[in-house]
Amino acid sequence: QNATHSNPLLVGVSDGKVIGFAGPISVKDRRGVFHGISVLAPYQGHKVGKVLFNLMCHHLKEMGATYITLFTGDDNPARFLYLNTGFVKKHTFMMLKKEL
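Read left to right, the sequence shown gives residues 20 to 119 (our numbering).
Hints may contain errors.
Claimed, not checked - Cut-off 30 angstroms, straight-line C-alpha distance, at most; resulting in silico cross-link-like pairs (DSS-like, lysine-lysine): (1) Lys69 / Lys47; (2) Lys117 / Lys69; (3) Lys36 / Lys108; (4) Lys66 / Lys47; (5) Lys69 / Lys116.
Quick caveat, the hints were computed from the structure, so don't treat them as lab data.
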């Protein structure tokens, strides 16, 4: 597959074991898009997520992105990573529910 059309997935590995990932990533109209980031519980708090996230941002920039947007919940622990790496809260959304 042509590299300009690929959607890379960054993977963190320790002792041959996958311990985290970031992606897949892509760029659309100069906006960097990623579909997830996760680190196994025993490796959380050891900067694995921060390293993966910063590498992902670097790759998105190399792929032509000039900015990244993301959606996250107020209770998502990853929100601290996002805020500490330069993201700013732009909008707050609400979830609506109707019983049927």
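Numbers of the earlier hints that this structure fails to satisfy, in rising order:
2, 3, 5
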